[in-house]
Amino acid sequence: MKAAVIDSFLLGIASVVLYFGLGVFVFRGGPGQDSARAAVLALVNLGPIVYYVVAIAEGGQTVGKMMSNIRVLRDADGSSVGYLRALLRAVFPVILWITLIGGVLDVLWPLWDSKHQTLHDKIAGTVVVTV
Numbered sequence: 001m002k003a004a005v006i007d008s009f010l011l012g013i014a015s016v017v018l019y020f021g022l023g024v025f026v027f028r029g030g031p032g033q034d035s036a037r038a039a040v041l042a043l044v045n046l047g048p049i050v051y052y053v054v055a056i057a058e059g060g061q062t063v064g065k066m067m068s069n070i071r072v073l074r075d076a077d078g079s080s081v082g083y084l085r086a087l088l089r090a091v092f093p094v095i096l097w098i099t100l101i102g103g104v105l106d107v108l109w110p111l112w113d114s115k116h117q118t119l120h121d122k123i124a125g126t127v128v129v130t131v
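Residue numbering for the sequence shown follows the numbering used here, starting at 1 and increasing by one per position.
Source of the hints: derived by calculation from the structure; they are not laboratory data.
Be aware that one or more of the hints could be misleading.
Stated by the list, open to error - Mimicking SDA-like on lysine to any residue, the simulated pairs with C-alpha atoms at most 20 Å apart in a straight line are:
id	residue 1	residue 2
1	K122	A57
2	K122	I101
3	K2	N69
4	K2	V104
5	K115	P48
6	K122	R71
7	K122	L87
8	K122	G102
9	K2	W112
10	K115	M1
11	K115	I98
12	K115	T99
13	K115	Y51
14	K2	V128
15	K115	R74
16	K2	A76
17	K122	D75
18	K115	P93
19	K115	I49
20	K115	R71
21	K2	G103
22	K122	D34
23	K2	P93
24	K115	L100
25	K122	M67
26	K2	L119
27	K2	P110
28	K2	Y19
29	K122	A76
30	K2	Y83
31	K122	I49
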């Protein structure tokens, strides 16, 4: 949970800086800037997912996980997660939070799970370990 708070804080700052930094130029223009507006909004909204996927697929750690001394590995054999599992792990919490109960269950699931996995860990076949 500590890692998620750190990552959310850092990504929030980056998103605000990008949104307002680029938004000053893009959102002042007229209707001809619709594609630029869409690009800025896509960057701000999809950027965090790309960050999570690349960080987890490449090294198993985001900045928050590094600061918390934890890493994400494949549950089956402890190997690197890879891009598909990292994508599943990044996207499923969003899907689960569409229904509030799914998101709440995802967050609470580690409390009674023997491996302390979230639902999105189980779906992606991953586990978080201390390093």
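Comparing the hints with the structure gives:
1. Proximity of K122 to A57 is assessed by CA-CA distance (about 16 Å); at most 20 Å being required, the pair is judged to hold.
2. Restraint check: the Cα-Cα separation between K122 and I101 comes to about 17 Å, which is no more than 20 Å; the hinted pair holds.
3. Proximity of K2 to N69 is assessed by CA-CA distance (about 10 Å); at most 20 Å being required, the pair is judged to hold.
4. Of the pairs offered as hints, the one joining K2 and V104 holds, with about 17 Å between alpha carbons and a cut-off of 20 Å not exceeded.
5. For the hint linking K115 to P48, the alpha-carbon distance of about 26 Å lies beyond 20 Å, and the restraint is violated.
6. Annotation: proposed proximity of K122 to R71 holds, straight-line Cα distance about 15 Å (limit 20 Å).
7. A distance of roughly 13 Å separates the Cα atoms of K122 and L87; the hinted pair therefore holds under the 20 Å criterion.
8. Only pairs whose Cα atoms come within 20 Å are accepted, and K122 paired with G102 is accepted, the gap being roughly 14 Å.
9. Under the criterion of a C-alpha separation no larger than 20 Å, the hint pairing K2 with W112 is consistent with the structure, at around 19 Å.
10. Between the alpha carbons of K115 and M1 the distance comes to roughly 15 Å, so the proposed pair stays at or under 20 Å and holds.
11. A threshold of 20 Å between alpha carbons decides the hint, and for K115 with I98 the separation of about 25 Å lies outside it, so the pair is violated.
12. With a C-alpha separation of about 25 Å, the suggested pairing of K115 with T99 is violated against the 20 Å cut-off.
13. In summary, the hint linking K115 to Y51 is not supported, as the alpha carbons are separated by about 25 Å, beyond the 20 Å threshold.
14. As the CA atoms of K2 and V128 are separated by approximately 13 Å, the hinted pair is consistent with the 20 Å bound.
15. Of the pairs offered as hints, the one joining K115 and R74 holds, with about 12 Å between alpha carbons and a cut-off of 20 Å not exceeded.
16. About 25 Å separates the Cα atoms of K2 and A76, which puts this hinted pair outside 20 Å; it is violated.
17. At roughly 8 Å between alpha-carbon atoms, K122 and D75 fall within 20 Å of each other, so this suggested pair holds.
18. Taking the CA atoms of K115 and P93, the gap is about 18 Å. The hint holds against a cut of 20 Å.
19. At most 20 Å may separate the alpha-carbon atoms for a hinted pair to count; K115 and I49 exceed this at roughly 25 Å.
20. Restraint check for K115 and R71: satisfied, since their Cα atoms lie roughly 14 Å apart, inside the 20 Å limit.
21. Between K2 and G103 the CA atoms are separated by roughly 17 Å; this keeps the pair inside 20 Å, and the hint holds.
22. Using a Cα cut-off of 20 Å, the hinted pair K122 and D34 is violated, with the two alpha carbons roughly 40 Å apart.
23. Between K2 and P93 the alpha-carbon distance is near 17 Å, which keeps this suggested pair within the 20 Å criterion.
24. Using a Cα cut-off of 20 Å, the hinted pair K115 and L100 is violated, with the two alpha carbons roughly 24 Å apart.
25. For the given pair, K122 sits about 24 Å from M67 by alpha-carbon distance, which is inconsistent with the 20 Å threshold.
26. Straight-line distance between C-alpha atoms of K2 and L119 comes to about 18 Å, which keeps the hinted pair within the 20 Å bound.
27. For the hint pairing K2 with P110, the CA-to-CA distance comes to about 14 Å; that is within 20 Å, so the pair holds.
28. A hinted pair counts as satisfied when its Cα atoms are at most 20 Å apart, and K2 with Y19 does not qualify at roughly 25 Å.
29. Annotation: proposed proximity of K122 to A76 holds, straight-line Cα distance about 11 Å (limit 20 Å).
30. Restraint check: the Cα-Cα separation between K2 and Y83 comes to about 23 Å, which exceeds 20 Å; the hinted pair is violated.
31. Taking the CA atoms of K122 and I49, the gap is about 19 Å. The hint holds against a cut of 20 Å.
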